[in-house]
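Novice: Below are the chains, spelled out letter by letter.
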Amino acid sequence: MSIQDDDTLRLYIEESGEHLADIENDLLAIESAGADIDEELVNKVFRAAHSIKGGAGFMGLNNIKELSHKMENVLGMIREREMVPNPEIINILLMAADVLRNLIINADASNDIDISDHVRALVSLSEGVTSDEEDESEVVDIPFPNRDEVFTISKNEISNMRKKGNFIYVVECDLINDIQLKDKTPTEFINKIEESGVILDCKIDTKSVGTLDEDLFKSNIPFVILYATILEPGMINVIFDVKETHLFVLEEDLTVNPVTESVSNEVSVSEGQEAITIEEEIQTEREESQVEDIHTVTIPVQVEEPVSDIKTTKGPTGVDTSLRVNVSLLDNLMTLAGELVLGRNQLLQAITQKDNHTIEASGQHLDLITSELQGAIMMTRMQPIGNVLNKFPRVVRDLARNLGKEVNLIIEGEGVELDKTILEAINDPLTHLVRNSVDHGLETPDERRKRGKDEVGQVFLKAFHEAGQVNIEISDDGKGMDGGKLAAAAVEKNLLSEQQAMAMSEKEKVNLIFLPGFSTAEKVSDVSGRGVGMDVVKTNLDKLGGVVDIDSTIGEGTTIRIKLPLTLAIIPSQLISTAGERYAIPQVNLEELFRIPAAQVKDRIEKVGDAEVVRLRGNLLPLIRLTDVIGLDSEYIDPYDKESKSDRRKNISDRRSKKSPLFNEDQEPESEEISLNDEESESYERGPERRYHSSSALNIVVVYTGALKYGLIVDELHDSEEIVVKPLGRDLKYCEGYAGATIMGDGRVALILDVAGLSRMANLTSLDGTDRAHEVAREQQFKNQKDVQSMLIFRNAEDEQFAAPLGLVERIEKIKRTDIEEVGGKKVLQYRGTSLPLFSIEQVANVKPIADKEDLLVIVFIVAGREIGLLATPPLDAIEESIVIDNTTLKQTGIMGSAIIRELTTLIVDIFSLVEEINPEWFGDREIVKNMDGETATILYAEDSNFFRSQVREYMEGEGYNVIEAEDGVIALDLMKKNVDKVTLLVTDIEMPNMDGFELTEKVRKIDSFSSIPIIALTTMASEEDIIRGKEVGINDYQIKLDKEKLLESIYNFLKK
Amino acid sequence: MPKTKKKPTKKTFKPGKDIIASMVGDFRKKLQKVLEQGIKDITIDFSNVAEVDSMGIGVLIAACNSLENEGGTLKAKNVSENIYLLFKIMKLDQKLVLL
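Protein sequence lines correspond, in order, to chains A and B. To convert, note that position 993 of the first sequence is 993 in this note's numbering; the numbers rise steadily by one, no gaps. To convert, note that position 42 of the second sequence is 42 in this note's numbering; the numbers rise steadily by one, no gaps.
In case anyone wonders, no lab produced these hints; they're calculated from the structure. Heads up, some of the hints might be wrong.
As the list claims (entries may be wrong) - With a straight-line cut-off of 27 Å between C-alpha atoms, the simulated DSS-like cross-links for lysine-lysine are:
#1 A:K184 - B:K95
#2 A:K207 - B:K40
#3 B:K88 - A:K192
#4 B:K91 - A:K203
#5 A:K243 - B:K88
#6 A:K493 - B:K88
#7 B:K40 - B:K91
Unchecked claim - Sample of chain A residues facing chain B (criterion: CB under 8 Å; computed from the structure):
#8 I176
#9 I179
#10 L708
Ideal placement from N, C-alpha and C gives every residue a C-beta, glycine not left out.
Only chain A is shown next, with the shape it has when bound in the complex (with noise of 0.2 Å):
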């Protein structure tokens, strides 16, 4: 008999299928209800088996019969209350419904499949007797495939590794073809493979070696080994990269069956043989897949007795390839449908009638249609992520139930839908890693409780949309990863350097295990555990597409995230050109597109070690130029005549300035070979096409994948658009840098770029240049904090640059030379009906002459409370940046220092040192304030910058007070602390780092001594809200940084009180 043949057997069987759909999570229910039995959910499954025992005896299907009936007994003495459902009990009915699902599905094979040790467990159950204990000394020999040796190894073993979640599978490798000739040792390859599991046994198949008189390089040195990992069958050949058809499963019975053995074979059915695991017939059906299947994957359970079989096989016509789709949705089809036919009708006989005017209006309207039609389509493959979430309720029982924990699983988000190989191809990564959350992740329930947590560990699956792509977060609250161990644990792999580590930040540490080879179960399972196979995991999300990304917190718990396309069959992407290709990059890869303007170039792009790096917002980002990559030429278009031309720069920042000397002459050499000064000598020739305008602005796009980002320099930037993709030809399937191809609205094709793929064939790897990145995220933060000055730069000569703090000036005039009036040796300027007396930086300071120039500024300050002209030359400009002013190697009478602004050594005017040079008569002598006991009043300086620091300090000590300096808040207020009874002013800075002058502020004013202390703030521009705010916290005046007169006369005033 065969399926095919019997529509009302496969009525029968598409019937049972939906029964058992349901049976697993309803006997799940029934278990955690215990001795509270849900009648209705009893029934339920009662009802379900009965059905199937049913229709089985009308087709005569003896063992579906037999075995429904018996689970029928067991649920009928369950729902009088007979016995109570333990998960012993739940354990047998459930793997009675797994063999259920698989007779049920090889109906026409059924009958010779051997379920008497199910039929027993659940007589006994029954019966009240439990079934016998496995002999636990037993052992097995495991057959070698093709080979006539065996293993020998002992049951409980196999049972043991299974029941920490192992598959167990036979694999022949071959030390010459899978070893020698990969360029690995034999011990790198055992190395390798103990990472991710336990070599339970091996053996070299010594007689296929033959004997020295035979060809060693043509013979085979078979290696054959018994290997227990939790890597599931789709993921295992990762780990050996062997011929696939040198993989075996080791089945529960015992049997060993290829992996890739694909269930349209022949099912052999001596022995229940037909075992074939879900993984590979998702890889199998993926080119079919039409078919919504219900997902059942191989649970690794503890064997309490021999089980034939509990896998899950399809026949060869598949009992799912029917699909269900809602009728709403297919109603929409069919009207799509028919407005395509009206179409194109419409469109037929407007070209008949040569009608131009309808074709075009038709060709909009097809175009309409065609894309609505597209969306329909997409829809019905789109289906609930519930298919693949909802068998996880069984993973982590069976799993938790076998390492003793207890586990509550809380799924969200069932009906997010995905594309259907989507789906399917994140079933394995999914599972891997909910099973390490729950053997890894979560403690064991004693552990749990001595940290005060809930016995019961919860393990979150939550999927969800978000920014047109599926996010699925797995997250458990069990101990966390330490970031720290792991990169102590890499360091020692030297998979990254202690320096690397060191500037890694937590996240990017417990990312770490994504590194391939990076732990394996034993060794690092005093770390974390976590690790096994997770470059595997990553390595499959890649290929879909996805992201994925880990966060933990040392005891509370790990999260990972994944995000995926919605579909792989239409992506959203950008559209680039390089050397006059296009390409394509995925949305979901790209983060953003920037442009450095050419004379930005330069400036931007840094080299770390080999590479090329540009800083972005703080931030180190890597740099690839795409050219190199896949090995195009560069060129560029020139700017002048639209000519593709090539590109000989070397380094991206290489580039013809108008500062160089070649432009100097207003012509450009023919091929002379000139070693500039401020670029590397090369030794390749400048020919005159090399660029300096904007073309040579680099246009950069920021792409992610996952722990890695990015910029990849390309040509041009287009738009984007929907692309649909076409796999690559097998040709061309090692081209890394590529993730297929599509075909452009002109009918040419564009490459898809694989970002991933193209990070490592550049060797990008996201721990290059950390220790720089360090160093400019330092840099940046240190700017961040520093305070930003105020300058207002001018000249005196005309190549000597000033500057002087913006806060003192009080205006500027522009004069003619002969405004000046000189009388009595002194330069007044009749200015608003005063003179306004003028001096010039010379007078004082040891710099060259005011420039001789008929138009000239007065800047116009106060000291001493009277205005004062200082002579200076254009051209002027106020700057507001952060300058590092070194006051100790120009300093001179008249000069505090000197700083680099705009590339100028500039010397900074200190103002009241130039006046009171040569005007001293104007300074008079303040009486100094002294305290009770007649010392010298002491004040508290608090100001990170040592420039303003030293010379705010002189200006004090100067006067006669006694000065404290602290570098910031914090040590301001420690200071305040300790010197209490010393201290009788405090005079702050506002920016400061770890302690702002506002919260100094208000934790001195808390100090009942210092309740009413004055507080005069210093800033470079005191606005509006920070002179509320520190009005507020209790700052009694402001002032300006510099001020010297204005400050020192503040100070005198609050200390005469």
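Place chain B on chain A using the hints.
Specialist: Same frame as chain A, now just chain B:
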């Protein structure tokens, strides 16, 4: 390649370098020659051997097989810890006599 003893029934080889593909050809010929002389007790001194690759393992197994056919044994001495572990894992310690 230094050879230590020259007795009619016993022979010790001391490759003094890694037993890897590049030297396996010569090594095999030397072993073959010795076997042709009817020597059945061959010892390989692993001093200064840091690595044995697949080809190396192949030649060792082949030598074992050849010797077994003649009723002899292949022995190995001064095996470094790494190589010892490798042999142990691969169950080659059942084939070779590790001294």
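Novice: For every hint, state whether the structure bears it out.
Specialist: Results for each hint:
no.	hint	verdict
1	A:K184 - B:K95	holds (23 Å)
2	A:K207 - B:K40	holds (19 Å)
3	B:K88 - A:K192	holds (16 Å)
4	B:K91 - A:K203	holds (6 Å)
5	A:K243 - B:K88	holds (25 Å)
6	A:K493 - B:K88	holds (23 Å)
7	B:K40 - B:K91	holds (22 Å)
8	I176	holds (6 Å)
9	I179	holds (5 Å)
10	L708	violated (33 Å)
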